[in-house]
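Student: Sequence:
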Amino acid sequence: MEMCIMKSLNWYLNPPTPSTFVDILHPMMLELTEDEDSMAEIKDLAKYLLELSVCDGYFINKNPSLIAHAAITAAMNVLATPIKIQRRLEALPTSASPPSIDECAGRLHNIYSVSMSEHQLSSAVTGREASPTSVFS
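Following numbering that gives the first Met the number 0 from start to finish, the sequence shown increments by one per residue and tops out at 136.
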């Protein structure tokens, strides 16, 4: 019955993406600290890590919420967020287990490291500073 209604209204349902979960977790992250600027920076880097994750087949069978939590964790590690704030993030209620989060965060951190080293190499070769997400050489 629901599908019939959906089709008649021309509505499409898509599963939530990791990016959606980052958006959902962002207000909770703001409660962890008073520093909105650093939380915005963490969110931006987490979304960039999510973009990089689509290039790795490892994440195909992972839950979007796990990937999002791992991206936030990895972003906090890259940006050297104080450990007490990282511990507060770990205390947030999620369905993912800490070992799973740490494993995915480590993978995302490695992907990020590779992307940044390739970006630096590209900048050195071309002599111009390009966006790390640029597809143009």
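Hints are not guaranteed to be accurate.
[What the hints assert, rightly or not] Here are the computed lysine-lysine pairs in the DSBU-like style, where the Cα-Cα straight-line distance is at most 35 Å:
1) Lys42 / Lys83
2) Lys42 / Lys61
3) Lys46 / Lys6
4) Lys83 / Lys46
5) Lys46 / Lys61
6) Lys61 / Lys83
7) Lys83 / Lys6
No lab work stands behind these hints: they were computed from the structure.
On a predicted model such as this, the values are computed, not experimentally measured, just so you know.
Student: Look at each hint and say if it fits the structure.
Tutor: Going through the hints against the structure:
Simply put, Lys42 and Lys83 have alpha-carbon atoms about 18 Å apart, close enough for the 35 Å limit, and the pair holds. Our distance criterion of 35 Å between C-alpha atoms is met by Lys42 and Lys61, whose separation comes to about 20 Å. Distance restraint check for Lys46 and Lys6: the Cα-Cα separation of roughly 32 Å lies within the 35 Å cut-off, and the hinted pair is therefore satisfied. Between Lys83 and Lys46 the CA atoms are separated by roughly 22 Å; this keeps the pair inside 35 Å, and the hint holds.
About 16 Å separates the Cα atoms of Lys46 and Lys61, which keeps this hinted pair within 35 Å; it holds. At roughly 27 Å between alpha-carbon atoms, Lys61 and Lys83 fall within 35 Å of each other, so this suggested pair holds. Taken as a hint, the Lys83 and Lys6 pair is broken in the structure, with Cα atoms around 48 Å apart against an allowance of 35 Å.
Taken one by one, the earlier hints fail for this structure only at number 7.
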